[in-house]
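Given the coordinates of chain A, assemble chain B with the ligands onto it according to the supplied hints.
Residue-level listing of the chains:
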Amino acid sequence: MSDADFAIVTRDLTKTFSVARRHVGRFAAIRSLFDPIRVHRTVVDKLTMSVARGELVALLGPNGAGKSTSIKMLTGILTPSSGEVFVDGRVPHRDRVGNARNIGAVFGQKTQLWWDLPAKQSLAILRDIFDVPKSVYDRQLADFDAILELSEFWDTPVRNLSLGQRVRCEMAGAMLHDPSIVFLDEPTIGMDVVVKEQTREFLRAQVQERGRTIVLTTHDMTEVARLCERVLLINHGRLMFDGTLEQLKSKYGSGALVNVTFSEPVGALEVPGARVVSHDAMQAVLAPMGVTTPEDIVRALISRFPVVNLAVDETNIEDLMRDVYLTTADELAHKRDSPDSDRDSA
Amino acid sequence: MTTAVLDADRRRLHRSWRLLRVGVLNERAYRIRLVIAPVMLAVQLYLYDRLWTAVFSHTKVTAGFTLRQTLTYSLMALLLARVRWNARTVNVRDSISVSVREGTIAYWFLRPISPGRFYMWRQSGDIAYGAAWATCGYAVLRAGGVIDGPHGAARGSVFAVSLVLGQIVLYYLGQIVDIAMFWMLSNNGVVRMYYFVQDLLSGVFVPLWFMPAFLLVAATWLPFSSGLNVPLSLYVGRIPMKHAAFELALQAFWVIVLALFTKWMWSRAARRVTVQGG
Ligand SMILES: Nc1ncnc2c1ncn2[C@@H]1O[C@H](COP(=O)(O)OP(=O)(O)O)[C@@H](O)[C@H]1O
Ligand SMILES: [Mg+2]
Chain A
356 MSDADFAIVT RDLTKTFSVA RRHVGRFAAI RSLFDPIRVH RTVVDKLTMS VARGELVALL
416 GPNGAGKSTS IKMLTGILTP SSGEVFVDGR VPHRDRVGNA RNIGAVFGQK TQLWWDLPAK
476 QSLAILRDIF DVPKSVYDRQ LADFDAILEL SEFWDTPVRN LSLGQRVRCE MAGAMLHDPS
536 IVFLDEPTIG MDVVVKEQTR EFLRAQVQER GRTIVLTTHD MTEVARLCER VLLINHGRLM
596 FDGTLEQLKS KYGSGALVNV TFSEPVGALE VPGARVVSHD AMQAVLAPMG VTTPEDIVRA
656 LISRFPVVNL AVDETNIEDL MRDVYLTTAD ELAHKRDSPD SDRDSA
Chain B
623 MTTAVLDADR RRLHRSWRLL RVGVLNERAY RIRLVIAPVM LAVQLYLYDR LWTAVFSHTK
683 VTAGFTLRQT LTYSLMALLL ARVRWNARTV NVRDSISVSV REGTIAYWFL RPISPGRFYM
743 WRQSGDIAYG AAWATCGYAV LRAGGVIDGP HGAARGSVFA VSLVLGQIVL YYLGQIVDIA
803 MFWMLSNNGV VRMYYFVQDL LSGVFVPLWF MPAFLLVAAT WLPFSSGLNV PLSLYVGRIP
863 MKHAAFELAL QAFWVIVLAL FTKWMWSRAA RRVTVQGG
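Top line first, the protein sequences correspond to chains A and B.
Each position in the first sequence, counted from 1, maps to that position plus 355 in my numbering.
Each position in the second sequence, counted from 1, maps to that position plus 622 in my numbering.
Chain B regions said to be covered by chain A (calculated; three or more residues, Cβ under 8 Å):
| no. | region |
| --- | --- |
| 1 | 646-656 |
| 2 | 722-730 |
| 3 | 734-746 |
| 4 | 890-899 |
Some chain A residues close to chain B (C-beta under 8 Å, calculated; not the full set):
| no. | residue |
| --- | --- |
| 5 | K427 |
| 6 | T430 |
| 7 | V452 |
| 8 | R456 |
| 9 | A460 |
| 10 | W469 |
| 11 | I484 |
| 12 | D486 |
FYI, nobody ran anything at the bench for these hints, they're computed from the structure.
Since this is a predicted model, take the numbers as computed values, not measurements.
For glycine and all other residues, C-beta sits at the position ideal for the given N, C-alpha and C.
Next comes chain A alone, as it looks inside the complex (with noise of 0.2 Å):
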């Protein structure tokens, strides 16, 4: 297949900061003003992957990874430092109109709306960016408002909506001008379960009755066990993990933890496929690894020792990335040609 039968295809795609360091000593604050420090910091690292027409993929990494840079440079605002870029077969930052056509965007708390208007109206100045004809507008409105009912508060000034009707604006505004392929940076954090829930259908029925690609990131990972077949991982700006979510889980573990407490000093704690995290006399924090699950653990713990209280813990993108470094610690240390990704230029 060609690069243009694939919604989104990079290749080694890298970008490479480069970012100010102050001096020290003497003088500093001139020195820094005058005669700056450029230090170059490799932020995405020859990122290849490659996402089909109509999925739904989530874009997963702790704080810092690379995910909005990576996105940036899928939109055509952030110009690449090397490596190859396509998105619907154009390359973003060389045909930014045509792309901006052709793709939607939220990223996370930044509003793209109008504050002091109706968030009606914002989507009717949006139309009119756009060049959406009324036919296409109505049909699109009708179709969010389905779903999202945002006639529910529409009407009302963006600077007045709560979050969760806010970034459901947001994403109207977003695929208002039918988008093919749509980017997600972090939308739905800090919103509560029904609304997160909402989005979510959404979400899935924009890939599946408008056949949209979605590229989406978040922490949340029900949210990615709800909505994403594929899972792509990034971390210190390389691409760790490429598979389903269920593949990710058997590599490296849920992510979930199990807290448990004791009525009794415990000696050596040894539970078939866990990891102990933490264990002190009385209490103990366990991580599932490979194909266990919680429960397997839970189950473990209650036959073998006298427990008294337990408790899993949410699973976590962070707590995921923590298995994954430590699964594949030996793994990095052959991959990776320099142990810090700051390069210090000649």
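Just chain B with the ligands now, with coordinates in the frame of chain A:
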């Protein structure tokens, strides 16, 4: 093919027209301003009228101006300052300044119209709105006999051309300040300072002719005089008609220089966003 092109053109025009409304819609969101703005303006005009009348109570001519000329110049300068009143507020949420600070500027680069074009239409709406206020004010002052009309049709038309050129100069100056926000990250203090200098040297506070020689020279060699002083001096007859062609050419020169400069600034700003992430 031709109809398709025409159709696209018409749609584009339609789109641009509707983008103009944003400024007015924003204003409507704060209805109280609709009352405050004209009251403030009326108070300003009245105080200026009293002030100049007092200044001229012992003399007929100062700096080559009669009282009548001074009043006409000053009150019209106040009205014209209203034209860009909303366009120059840096705290509006969709201004470059706030968008850069909050990172929402990224969306400007995700649209089928360039950031510069979007800025132009957005500003044009604010300017058209301000111009409507200024025009109403002018009509009231003329009807009340507070200020004079232009002396003769020739002067009137030269003034009209000069006024438009002057507004374009001021539009570009404001745009330069706005684009500078890509680097200065909404440094409101510097912006206020700048606008004070611009107002002073374009003749908003006092006709330029009343200024000490060095300020007058500075204003004439910088683009500021082209903004308001030239059109108003033509209007009241302080610049003779035989110098009009030169003054218009100088204004046109500034328009071209500033247009090229803003174009260059936009490309630097876009580079800054696309290479260093804003
Ligand atoms: N413009 C920039 N200049 C320098 N460093 C940057 C810039 N933008 C992002 N970074 C750095 O790149 C890393 C990745 O950032 P980002 O892509 O936002 O991560 P994520 O979205 O995965 O949390 C972070 O360490 C961040 O500090
Ligand atoms: Mg991010």
